[in-house]
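Colleague: Now for the letters of each chain:
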Amino acid sequence: MTLSLQTCGGATPAGEAAHPVFFRGFRAHAQAAAAGLLAVADVAAARYYQPQRSAWLNPVVTGNGDRLRFESFSGCCGVYARLDMLGEALDGNETGHGTTNIDVNTPLRDSLTRVGPAGPLSLEVGPDELTVTAFEGPVVEKKVPLPDRWLRGFAETQVIASGFDPRAELSAAEAVRFLRTLPRQGASRGAARGARWVVPAGRSLRATTRPVPGAVCLPGPERLAALPRVLRHAEGLRVHGPAVTPDSVPAASAWEVRLPGMRLTLTLSPDASRGFSGEGGVLDALASQESPEDAESVSALLAWDPAVDIADLAAQSGLGPQRVRAALTRLGTPGRIGYDTAEAAYFHRELPYDTGRAERHNPRLRAAQALVEARAVCLDGEPVTVTVDDHHHRVRTDGQRVTCTCRWWAEHRGSRGPCKHALAVRLARQAAAGRTATAPNPAVASPGGLR
Amino acid sequence: MREGREAAVPKLAGALTDAERRACLPVLKSWRPIVRDRWDDRHVPVRAALRLAGVGCRTGAAAAAQWLSAGDLRWAGDDPALVAEALGHRDPEWLGRVAHRLAERRTVAEGAYPLISRLVHAAGCEPPTTDGVVLGWKLDVPTRGTTIRDSLRDDPFLTVMVPRLLEVPEACSDFQYSWSGEPGWPAALAGLAEEGRLGRDMLIDGCLSRLLPGGRPGVLKGFLALLTALDLTEDERAAHTLTWVRMLPDAHPLVAARAQEMLAGLDDAGRLETEHLVEASEAALFRPEKKLVRAQLSMLDKAMKRQRSRTDELLRVAAEAFGHEEHSLQERALALVVRHRKHASGTALAGLAASAGRSAPPRPSPGRRCGTPPTVARWSRPEAFRGTRTAPSRSAPCSPPTIPSGAPAGAGAAGGVLRTPSPSCPGTGRSSRQACCCPSGTWPSPTNSARAHPYCPRWPRRAARPGPRHISCWRTAAARGARRSSCSPWTRCSHWPPAVSSTRPGSARASPS
Numbered sequence: 001m002t003l004s005l006q007t008c009g010g011a012t013p014a015g016e017a018a019h020p021v022f023f024r025g026f027r028a029h030a031q032a033a034a035a036g037l038l039a040v041a042d043v044a045a046a047r048y049y050q051p052q053r054s055a056w057l058n059p060v061v062t063g064n065g066d067r068l069r070f071e072s073f074s075g076c077c078g079v080y081a082r083l084d085m086l087g088e089a090l091d092g093n094e095t096g097h098g099t100t101n102i103d104v105n106t107p108l109r110d111s112l113t114r115v116g117p118a119g120p121l122s123l124e125v126g127p128d129e130l131t132v133t134a135f136e137g138p139v140v141e142k143k144v145p146l147p148d149r150w151l152r153g154f155a156e157t158q159v160i161a162s163g164f165d166p167r168a169e170l171s172a173a174e175a176v177r178f179l180r181t182l183p184r185q186g187a188s189r190g191a192a193r194g195a196r197w198v199v200p201a202g203r204s205l206r207a208t209t210r211p212v213p214g215a216v217c218l219p220g221p222e223r224l225a226a227l228p229r230v231l232r233h234a235e236g237l238r239v240h241g242p243a244v245t246p247d248s249v250p251a252a253s254a255w256e257v258r259l260p261g262m263r264l265t266l267t268l269s270p271d272a273s274r275g276f277s278g279e280g281g282v283l284d285a286l287a288s289q290e291s292p293e294d295a296e297s298v299s300a301l302l303a304w305d306p307a308v309d310i311a312d313l314a315a316q317s318g319l320g321p322q323r324v325r326a327a328l329t330r331l332g333t334p335g336r337i338g339y340d341t342a343e344a345a346y347f348h349r350e351l352p353y354d355t356g357r358a359e360r361h362n363p364r365l366r367a368a369q370a371l372v373e374a375r376a377v378c379l380d381g382e383p384v385t386v387t388v389d390d391h392h393h394r395v396r397t398d399g400q401r402v403t404c405t406c407r408w409w410a411e412h413r414g415s416r417g418p419c420k421h422a423l424a425v426r427l428a429r430q431a432a433a434g435r436t437a438t439a440p441n442p443a444v445a446s447p448g449g450l451r
Numbered sequence: 001m002r003e004g005r006e007a008a009v010p011k012l013a014g015a016l017t018d019a020e021r022r023a024c025l026p027v028l029k030s031w032r033p034i035v036r037d038r039w040d041d042r043h044v045p046v047r048a049a050l051r052l053a054g055v056g057c058r059t060g061a062a063a064a065a066q067w068l069s070a071g072d073l074r075w076a077g078d079d080p081a082l083v084a085e086a087l088g089h090r091d092p093e094w095l096g097r098v099a100h101r102l103a104e105r106r107t108v109a110e111g112a113y114p115l116i117s118r119l120v121h122a123a124g125c126e127p128p129t130t131d132g133v134v135l136g137w138k139l140d141v142p143t144r145g146t147t148i149r150d151s152l153r154d155d156p157f158l159t160v161m162v163p164r165l166l167e168v169p170e171a172c173s174d175f176q177y178s179w180s181g182e183p184g185w186p187a188a189l190a191g192l193a194e195e196g197r198l199g200r201d202m203l204i205d206g207c208l209s210r211l212l213p214g215g216r217p218g219v220l221k222g223f224l225a226l227l228t229a230l231d232l233t234e235d236e237r238a239a240h241t242l243t244w245v246r247m248l249p250d251a252h253p254l255v256a257a258r259a260q261e262m263l264a265g266l267d268d269a270g271r272l273e274t275e276h277l278v279e280a281s282e283a284a285l286f287r288p289e290k291k292l293v294r295a296q297l298s299m300l301d302k303a304m305k306r307q308r309s310r311t312d313e314l315l316r317v318a319a320e321a322f323g324h325e326e327h328s329l330q331e332r333a334l335a336l337v338v339r340h341r342k343h344a345s346g347t348a349l350a351g352l353a354a355s356a357g358r359s360a361p362p363r364p365s366p367g368r369r370c371g372t373p374p375t376v377a378r379w380s381r382p383e384a385f386r387g388t389r390t391a392p393s394r395s396a397p398c399s400p401p402t403i404p405s406g407a408p409a410g411a412g413a414a415g416g417v418l419r420t421p422s423p424s425c426p427g428t429g430r431s432s433r434q435a436c437c438c439p440s441g442t443w444p445s446p447t448n449s450a451r452a453h454p455y456c457p458r459w460p461r462r463a464a465r466p467g468p469r470h471i472s473c474w475r476t477a478a479a480r481g482a483r484r485s486s487c488s489p490w491t492r493c494s495h496w497p498p499a500v501s502s503t504r505p506g507s508a509r510a511s512p513s
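Chains A and B supply the protein sequences, listed in that same order. Residue numbers 1 to 451, in our numbering, belong to the letters of the first sequence in order. Residue numbers 1 to 513, in our numbering, belong to the letters of the second sequence in order.
Read the hints as simulated data drawn from the structure, not as lab findings. A hint or two may mislead.
As the list claims (entries may be wrong) - Residues of chain A clear of chain B, computed beta-carbon distances all greater than 10 Å:
hint	residue
1	Thr-106
2	Thr-113
3	Pro-117
4	Ala-118
5	Thr-208
6	Leu-301
7	Ala-367
8	Thr-397
9	Gly-399
10	Ala-410
Unchecked claim - Facing chain A, according to a computed beta carbon distance under 7 Å, are these residues of chain B, among others:
hint	residue
11	Asp-205
12	Ser-209
13	Leu-212
The C-beta atom is built at its ideal place from N, Cα and C for all residues, glycine as well.
Based on the provided sequences and hints, a complete structural model is requested.
Modeller: Okay, here's the thing in structure tokens:
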């Protein structure tokens, strides 16, 4: 069976291409590969929070030289799925470099479901000509542009995932047993929904009522619904998560199923109602003034590497590892950097969008900039007063921690990044510091409101 | 228009020339914001009239469609006959373009179907087949006073709409319903296929491609009803063998069960190749649904009986169920393997023993489900399945009950308690002496006959129960004051009742001793 994945408009090392070709060859374990692709497409078509019918979005495919990565977000942006097809299972001419999105439509899903176990799958990412002939009848191509939420999600996931460590490893049989005990998507009502904690116990995982050290949060277990499809081919399950303490709040976690020659990773946001796009982990990097120059020098050194080594980059660019890390976060905001939890390494992808788009389209950063422009931040004394309409918010800086009196801060307590008032204060301080450096007479923003 | 005489507008608007239309349009456009802000009853007919006048004065197809679908004008009146009259003098090809433009608007197309169909009839063009139009067409099929089949028979768009109907995600959720005097959509479609008005292959393919990827149970039930109504012939079933096979791994349980039925039928008719049977069995035995696994095991049983030559291959597949987490299913698979081992080759048997060794270990938490350890694990030695004299379950280490020294020797005869090392109930996992399992706290009591045995009500129905001889063995042991009886309450031995042993591999009949 031949599977041709249509690509549309992508970035390659040679510049923009309408239909870039990344791979042409054979793929062993045809059924597992098809199941993995379907799982990624399932996530793109699903909406786990307030389910409704959403448009099918196209998974993003990246050729990384020795592997292919297929990535997608759920409609609610709370689940990030990535299928890494590793080099050993790909048998063909060498895998190209570049990023684009493939079009998974009904005929393609139908034929992926019908893939048989016998023989390798002939896989083409990027066809010779525009017409795809692998299927009977014409393939209707609906181009769905990559939404802004995905772009912000790419940026946030790599920041969140870079704090993960492997927490548990299960054999295939135990993985099947554990995942089958989780509530199904339709059946999740009441107590079944919400975060639960699991801790490695013996060969399997045990549920705990509270975050004990070593535990992993499983926020919204019904969101692992895409995994049962690949369980038949699973070789094991690995769980990654951040370090937790007994007073931790629900956190994100990554669930990685090892498949023959592939890895399927689902990263879950801390709550079903929280999309990755709004987590706010990159806002500090976006708001800071230093990283753009560093980011530019680092980006020149990236070449669609399957694994970006920070020490190497630091040596090549002459920047310290800390600055390289900040630069990578900055590069991650337009989705140019991803993080692979299985290898604990960054990888390079290049979305066909300009660097400024994430910045322009980040609502919180935009609101903060509007506050600064309206001279709503009064920088005299501590706490700083931010005047919005007819009321004031006090922003208090206590070392690294910035708190605010707004409702958003009261709800999230910094778990979703700084609020717009804190960001505005930060931006205003940077502007003031910049003026102090250039002009002898600092112009402090006058107190005033948004009228 | 100002007086709100809606019915009079089309006659005036229809007779205009293009130049006059262009001249009128700015006036009408300037009216719209005024009308939009008026909410009193008098303005409702004015809005409706404005809608007709506006579309009558539009010269571009896209602009006309936009005017027609404007929400502020549409709710005031949406009479397709008047719109068609207002557009009556236009070029048919232009009308067709308006119909297609309307159909492309997702929010309007369904509601605007009556108008779209009129325009298409007037234009004589092919009808648009967007999702909304298909949904509108389905709603528009008259059902009152007639059956769906009769209404569809004369429908001009039947052959265009039905293939799309099977593709639109929301369209077929009512296929599962039928009521008195109305056999429902599946019967209507199948009937029309019989009359030759619809392609039977098209219906079958559309139906199967909806069943394959899964979806909402309501929709899937509808398509299963359609499949039933179509009543596939054996040739058609055989032509879609691969589809049935590929349905088994991921499809909804209802759909997988139907696919399994189809495959069983094909296998009975000798039209299923071993390769496909193997693939289907591997997929079905992996599923968590017990019913599907049981059905697949019996399908394998029949297949092996029918054709002994494929025993080796099919036994290997049946051994996949040794890894199932349900012990009852593991044992069913074991029984199947034991039954057919005579016809298997030596290498196949060694492979079976190896897979028995890899079978699922007992559950780690004894609190929830415990009781019999998996019988399958005891068959993991290489010689297990070989030779008719070996009785693996017998040679397995048996843990007979011990009687605590505190128990008086004569207590058994006097109706006392035979204390076993707290065998726990497979249903609840609690010890037999705990209140949940045995209210009297006297289990297994020598005075109790087998009939009055105080089993826990939550004892699983299919779990094996000891027979009278088993109990009498404990009784004798207790009467003798022996610390050990020759058999344990939890290990099957020759004392287990023959009714159970006929299906249990570890019992006297299944294991030749």
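Colleague: Now tell me if each hint is right for this structure.
Modeller: Each hint tested on the structure:
Separation of Thr-106 of chain A from chain B is inadequate, the least Cβ-Cβ distance of about 7 Å not exceeding the 10 Å criterion. The Cβ of Thr-113 of chain A sits about 5 Å from the closest Cβ of chain B, inside the 10 Å cut-off, so the non-interface label is violated. Once the 10 Å rule is applied to beta carbons, Pro-117 of chain A is inconsistent with being away from chain B; the minimum gap is 6 Å. The beta carbon of Ala-118 of chain A is not kept farther than 10 Å from every beta carbon of chain B, the shortest such distance being approximately 8 Å.
Chain B leaves Thr-208 of chain A outside its interface by the beta-carbon criterion, the shortest separation being 14 Å against a cut-off of 10 Å. Chain B leaves Leu-301 of chain A outside its interface by the beta-carbon criterion, the shortest separation being 43 Å against a cut-off of 10 Å. Listed as a non-interface residue, Ala-367 of chain A keeps its Cβ farther than 10 Å from every Cβ of chain B; the least gap is roughly 31 Å. Every CB of chain B is more than 10 Å from the CB of Thr-397 of chain A (nearest about 49 Å), matching its label as outside the interface.
Against the 10 Å criterion, Gly-399 of chain A stays outside the reach of chain B, whose nearest CB is about 45 Å from its own CB. The Cβ of Ala-410 of chain A sits about 38 Å from the closest Cβ of chain B, beyond the 10 Å cut-off, so the non-interface label holds. Taking 7 Å as the C-beta cut-off, the interface hint given for Asp-205 of chain B is violated, the closest approach to chain A being about 10 Å. The criterion of a C-beta within 7 Å of any C-beta in chain A is met by Ser-209 of chain B, whose closest approach is roughly 5 Å, and the hint holds.
The beta carbon of Leu-212 of chain B is positioned within 7 Å of a beta carbon in chain A (closest approach about 5 Å), and the interface hint is therefore held.
Checked against the numbered hints above, the structure breaks hints 1, 2, 3, 4 and 11 and satisfies the rest.
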